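Here are the chains, one letter per residue:
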Amino acid sequence: MKRHLITASALALVAGAAQAQVELKYMMWGDPPEIAVWEQLVSDFQETHPDISISVEVADWDSYWNKLRVTTAGGDAPDIFAMDAPVYPDWQSRGTLLNLQPYIDADPGALDGVYEGPLSSYALEDGYYGMPRDFQTIVLYYNTAMFDEAGLDYPDDSWTLDDLRAAAEALTIDKDGDGTIDQWGIGTEAWDMEPFWGPVVYGYGGDIISEDGSTTLLTEGAAPEAFAYVQGLFDDGLIMSEEDLDSYGWDGLYAGVAAMAFSGHWVVPAYSELDFDWAVAPFPAGPEGRATLVNSAGIVASSSTEYPDEAWEFISYVISEEGQSTLAQLGFAIPVNEAAATGPAYLEQPVEADHQLFVDALDYAHTKPSFLGYEEWSEIVGEPLSMVWRGEMSLDDAMSEIGDYADDALN
Amino acid sequence: MSVAGFSPKGGERVWAAALIFPTMVGLALGALGSIVATIGLSFFDWDLFTTPELVGLENYTDLPGDRRFMRALTNTLIFSAIYVPGTVILSMLIAVLLNRQIHGKSVFRLIYFLPVVSSPTAVGLVWSWIYSKDQGVLNAMVTGLGMEPVHWLGRDLALYSVVVVNIWGAIGEGMIIFLAGLQAIPKDVYEAAMLDGADRVRTFLRITMPLLIPSIFFQSILSTINAFQAFDYVYILTQTQGGGSTVPTLVFNLYREGFNNFRMGNAAAQAVVLAAMIMVLTLIYNRMQKKWG
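The listed protein sequences correspond, in order, to chains A and B.
According to my numbering, the first sequence is numbered sequentially starting from 1.
According to my numbering, the second sequence is numbered sequentially starting from 1.
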């Protein structure tokens, strides 16, 4: 009898070991605090799925995409990886992503409770090739001590872009009188549309690209006025230049040299380690009303993965209420799962801030455009704009360059 | 003009062939293989991931209408027009100066050769700090003189700033070639000139220069190849956010086409055109050398 037991448990051990053979690689971009978040999520997942082991690999944004390109082209793509909605159509069109539609058809409950907006970013004509992992609305972060010092009222939902400019003027200070600025009003990256110029364009009543992704609309209507507003901030030194931002890291507020910054919820884990107080406010309203951008980071599986079923198991766990609650509790993202986003997991997370404000921003947010040829297009558009911000090109020249060439990258 | 000792004779030929053989095998397998693959690829439309699709000459016929390619071509031509004479003249002058009996000759030679053996990435980062608009060394001097800071790596000046770094980095290599050329010139020619009472300038123009013509042509060919292939300092000094460059050169552009925009066929066609241009220039140099020599 005893011998049987031993044999049985030995068999169980062998079976257990055999089952644990499925090893998946999950690759994502992120900052150090996010790694801990995802490792927590993976270890939760493994409690119910002991047969699947997942290794998390993290790279910074730039090296992430290079690594992904190289490994995918070399036939060694990670089984599961992070995706960004704007470039998702391109990655899908190259046949690199696993079609998730059959799994969703087999498990119709999988998408229950996922926000319609973020989900629609991943819906393609022939189904889903990825799932939104979280979403991010852009809001205004500010350093309360700097506002107190300057004797200014905190930003609130009555703020317009004019108020933003006025506050930035008061908060841009040459502290030691040596002729160089030591504290800026705004410290935000302005090459990409997402953190700053996109919301400003929409706030002025302009538009970025036509619905079908075939025509650039940046040179028409109110968009050039919006750019003139941004250019004014740069010309007067109220917003950190690319070079200053580079020398202080990625974010002027985080570096303690800028009073305000525009970002998504993704900075919250990093900001939570700051030794000064900060708070959030909605994106200031433009002449045509309040606007901001919303973007959904996603999670996809490689079309060449050996374990598509297990990859889907993990992806569906990530978007479930449980997975989303873990992500939310750890402070990084806004859950795509409504129950998680409106529940205590997100609203009562350890880092204190007005987390509700990020969800409310959905009411006036425009989805960050996503279309074929996105990367090339954003390079063609971003280069002349950043030259305008650096004072090396006139806005008119930039507009005509964008007008002439931006549509070349579109299909 | 052939220099004594440069052409192997008799038994030396066997040795020369034996010593060159391993390199030739490497070249044949490594370089030739990728050249054939690149030429083949240039007739296809391929995005790295899906099956390549044969498009014939389309990748080539598209080039004249490709604004980015034409801009890169213009940049490269201007770059070469400054870089090639700049490198040849400066490295020749420095070689002539360092060929004399002066104190600390080997230290100076070392200093000029140092950039050649340093990593371009590290050197490029140092230069990006020198050129930086607000925190740079160069602008610290400019503002110290009471002038406005200059955008060294801005759209107007970046090309020239990058050429300067490239020339500076290449002088050492050219200097070695000219030193070798100078030392191959027989001493008795100079002695005869001295006896005839020729001054320094005349000696340089009438003896040194003509006898250096093989080195000048050789160095011109090398510099032209380097100029057309300029990439490392361009990439490090002028890269903008989003993967562009304020001074895209041909190699930068084909790198971007292939690896950022996934148009491998297009990039391959650009590489073939680039190689053809270098070949034509090399042939022209060869012709000129025969005529002059």
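If you're looking for bench data, these hints aren't it; they were derived computationally from the structure.
Note that the structure is predicted; figures quoted are calculated from it, not measured.
Treat the hints loosely; a few may be bogus.
What the hints assert, rightly or not - Under 8 Å between C-beta atoms, here's a sample of chain A residues computed to sit facing chain B:
no.	residue
1	94
2	96
3	285
4	287
5	290
6	387
7	393
8	405
Unchecked claim - Per the computed footprint, the stretches of chain B lying under chain A, defined by three or more beta-carbons under 8 Å from a beta-carbon of chain A, are:
no.	stretch
9	29-40
10	44-55
11	73-79
12	129-143
13	252-261
What the hints assert, rightly or not - Derived, one-sided and incomplete: chain A residues facing chain B with beta-carbon distance under 10 Å:
no.	residue
14	44
15	72
16	76
17	89
18	93
19	174
20	175
21	189
22	192
23	386
24	409
Where is the CB? At the ideal position from N, CA and C, for every residue including glycine.
Against the structure, the hints come out as follows:
1. 94: holds, 4 Å
2. 96: holds, 5 Å
3. 285: violated, 28 Å
4. 287: violated, 28 Å
5. 290: violated, 27 Å
6. 387: holds, 6 Å
7. 393: Given a least distance of 7 Å, the restraint on residue 393 of chain A holds.
8. 405: holds, 6 Å
9. 29-40: violated (count 0)
10. 44-55: Answer holds; 4 residues pass the 8 Å Cβ test.
11. 73-79: violated (count 0)
12. 129-143: holds (count 4)
13. 252-261: holds (count 3)
14. 44: With a closest approach of 33 Å, the residue 44 of chain A hint is violated.
15. 72: holds, 7 Å
16. 76: violated, 13 Å
17. 89: Since the shortest Cβ distance to chain B is 13 Å, the answer is violated.
18. 93: holds, 9 Å
19. 174: At 14 Å from the nearest chain B Cβ, residue 174 of chain A fails the 10 Å test, so the hint is violated.
20. 175: Since the shortest Cβ distance to chain B is 17 Å, the answer is violated.
21. 189: Status holds, d = 8 Å.
22. 192: holds, 7 Å
23. 386: holds, 6 Å
24. 409: At 8 Å from the nearest chain B Cβ, residue 409 of chain A passes the 10 Å test, so the hint holds.
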